[in-house]
Each structure stands twice: as structure tokens, then as C-alpha cells.
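Residue numbers (the numbering used here), protein chains in the order written: chain A, 73 to 362; chain B, 9 to 165.
In case anyone wonders, no lab produced these hints; they're calculated from the structure. Don't take every hint at face value.
[To be verified] Under 7 Å between C-beta atoms, here's a sample of chain A residues computed to sit facing chain B: (1) His-124; (2) Gly-171; (3) Asn-176.
[As the list claims (entries may be wrong)] Just a few of them, taken from the derived set where beta-carbon distance is under 7 Å, the chain A residues facing chain B: (4) Met-73; (5) Ser-74; (6) Tyr-77; (7) Gly-103; (8) Thr-104; (9) Ile-107; (10) Ile-108; (11) His-172; (12) Gln-173; (13) Ala-259; (14) Ile-262; (15) Ile-357.
Every residue, glycine too, gets a C-beta built ideally from N, C-alpha and C.
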Amino acid sequence: MSFEYHEPTSVAEAIDLGARFGADGCFLAGGTDLIIHMRRGKLHPRHVVSLHRVPGLDGIDANGSVAVGALVTHRALERHVAFHGRLRALVEGAEVVGGHQVRNVGTVGGNIVNASPAADVTPVLLALDAAVTCAGPEGERTLPLDGFLVGPGQTALRPGELLTSIRFSALSERSATAFLKAGRRRAMEIAVVCVAVRLTLDAAGERCTEARIALGAVAPTTRRARGAEQALVGQAPTQKALREVGRLAAAESEPISDVRASARYRTLLVETLVTRALTRCLARIRDTAS
Amino acid sequence: MTKLALTLSINGQRHEVLTEPHRTLLDVLRTDLGLTGTKENCLEAECGVCTALVDGRSLNACILLAAQCQGREVLTIEGVGRDGQLHPLQRAFIEHGAVQCGYCIPAMILSAKAYLDEHPTPTEGQVREALAGNLCRCTGYQKIVDAVLAAARKLAD
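Bound conformation, chain A alone:
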């Protein structure tokens, strides 16, 4: 590792530096991925622009729709009171990332930009229809997270552009979220498969009006299982229907076999975890309603 180090103190200054260095530069947030990639020689930026002195990027605004600053740590996400109700999947995703040491510094924005196919929080954000705001020399743009993730380690972020915040709508009544992760051990584990779901029922609580199902570690990016989502809309959420949706999600996944699990095992996990996560959502909606 060898680079020049910069510590901007405003978003504007960070963007100026980003624009100046282009592909020769890297923004540093928590560093839990970046420093490791640099040490392994996978990345070798000539300029590292640390964001830790840039104010205003580590806030959570949950009055109405939700805005999460890119520098919000997993620890802050886990502990925010606004995420202990309908948005609980955010806590469930954040609290299984690494150990305390990693969650204390690793950021939500970094997790997205690192674009691991096995990221834990990204599927939750996909299930929430989150949008990401990026700032660059040509100004600010906001785009759906779905589509922002392009491939392993690849996003639609342009050279020098900075992810500043993540936004999503608050959930309506009769909605809930859930996140489940399978690994070989309970802590410090990269997901073998992870699943995030969001479910909304009609006023009578009898039919699904909206569903989101996002999967991790079964495709080149974390991504939604749209066919399975569609199949649930208008249906009564019976165990039979939820099992069928699990099968559809499994059919939509494209896992690989690697050191952690076979493709076949991952497919079976998707089926089970999607059904289980939707069942959990349903219980949460009914708990809140009663």
C-alpha cells in the first residue's frame, strides 16, 4: 500500500478531490473492505480521500420517509429506535455483519459501494425500494438501488462520484419486514444465502397487496426475485402460497458452487428462507394489528 492521503472537511471538497483524482482516487469510509482490498493488491489507488471528517453524512432521519447517511455505521443502524418496528429487517441485517469491531466502523454506504453479492444490508434496502443519492462534479443524482448494483464489486457510481445517502419510504400499516441469513456459523460469517422480505396486506388482512423479496449470495449481485414477488400479489398468504413463492424465488436464483456451499444447497436454502421470512413478516403484521 502506498498513496497520498486527503481529509476533506465538506462534501463539496470531497467531490472536488474525487473529480481531480478520478480513477486514481478512492473514497475511504469505514475501511473494512477497502483497506483489505488494498493490502491484497486488488486495489491500488494513488490517492485515498478519507471521509471521516466530512460532517453531515452520518445522520439518520426517520421522520416520515427515511434518509440514512452513507457514513452511518452498522452499529448505528442496529441501535436506531426507528428500525425496531416495521423496519426491523434493517437491524436483523446489520447485526450479523462481522463482529462488533467491524460493525463499529463499517458503513452502510461502504457496504453498498463494495457491492458484494453476499452483502447483508443491501438485500434489506432492495426490499425497501431504496434509492441512492450520489454527488459528483456534475451535481447530484438519485437512482434506484435496484440497477445501481451492476456486478461483483461493481456499481453505477462514476469515477470520483460519492454516494451520500440512501432513502426509502416509511412503511404503511399492515406491512412488515424480515431478514434471514444462513451461514456455517452464527457470527463473523459471509452469508451462504441471505434473504430480505417486505410484505403488505390489505385492510382486511386477508390478501397481499405488495411483496418484495431480495436475495443475497445467489447471483452476481444482491437482487430481487421479481417473479416470486408478483406471484404473491392478490393472493391470500396461506402457508401453501408462501411455500410456492419460496419455490419460485429458488427457481429465479442463479447460485454458484464455491468453498462455502454448493449451488444446489443454496437453491434449497432460498426456498426455505423465503418461505420462513414471509411467514415471519405475516406474524409481525398480525402482532402489530392485534
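We have chain A; now place chain B onto it with these hints.
For chain B alone, coordinates are given in the frame of chain A:
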């Protein structure tokens, strides 16, 4: 390569360090300052032996640039005891036979301290979860967990 002149506050003491930007807190602690209680092993934030507390929070010193520690308070195992007295956690580790080869222990104690500072009356499950980012290849963890729970009781008295 431009060197950086850093002022670091470690265990309550100010240190002036001139270093390259890529060097980590771990590099500076061990090599420049001779504070070798913080250990080096995987260098990938997996094993946890390099755990230090920065502003009271545990983190992996192997992936934190020293430059990012300016203006923050760093605590290492050398600063845990006070006035020549062991911290109750250190005493409990000895009393419970929680130390075998010892390599992971400074970091175990720091992770446990960070957790107990915020959660004074943890359950056994919470202690295990609090130490998830710290690997030990000798003890099987049980005596470490026992020691942390005993220290928590002691600290709560």
C-alpha cells in the same frame, strides 16, 4: 510520498508520530511506540487480536489508518490497568484460568471492556456474542466467558 505528522492520544498520553499515510494504528502502536500488547495476525479484521478501543468503541487496528485516529482517544491493553493495579477483567481472566497461549487475550479483554462499559449485566449469550469478533484457538472460550461474567459481577458491586 508525503509523510504525515500525527498527534495521537494513546492511553491518555500524547504522542507525536511522523509516518507514511498507509500505516495503520497497529503498525504505529507496535513499531513506532513499542506498545506490543496489541497483537498482529490475520491483518484482515477476521481474528480480532489487534482490537483496540477508539473513543470507547472496539475496532480492528489492522485496518484503521493511523491518520484516522487523530483527535480521538485510543485505549490499548497497556492502558487498561490503573496505577499498577490490574483491571477486574484482567484479574478475573487469571482467576478463571482463561489464558493459555495468551495471544488473543489483550484483545479479548478490550472487547469485553467495551461491551461491559455499555452493558454492565450481560447474560452468557450476550458475552459470547460480544466476543464473536475475537478468535481463540486454545481455550474453547468457556473459561473466557466465565471470566467476563465474573468480572461483570465484580464491577457491578
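Structure-based check of each hint:
1. His-124: 6 Å, holds
2. Gly-171: 2 Å, holds
3. Asn-176: 4 Å, holds
4. Met-73: For Met-73(A), the interface hint holds, since the closest Cβ of chain B sits about 4 Å away, which is under 7 Å.
5. Ser-74: Holds. Min distance 6 Å.
6. Tyr-77: With Cβ-Cβ at 3 Å, under 7 Å, it holds.
7. Gly-103: 5 Å, holds
8. Thr-104: 6 Å, holds
9. Ile-107: Nearest chain B Cβ about 4 Å off; hint holds.
10. Ile-108: OK, holds: Ile-108(A) within 7 Å of chain B, min 5 Å.
11. His-172: 5 Å, holds
12. Gln-173: 5 Å, holds
13. Ala-259: 3 Å, holds
14. Ile-262: At about 11 Å, which exceeds the 7 Å cut-off, the nearest Cβ of chain B leaves the hint on Ile-262(A) violated.
15. Ile-357: 28 Å, violated
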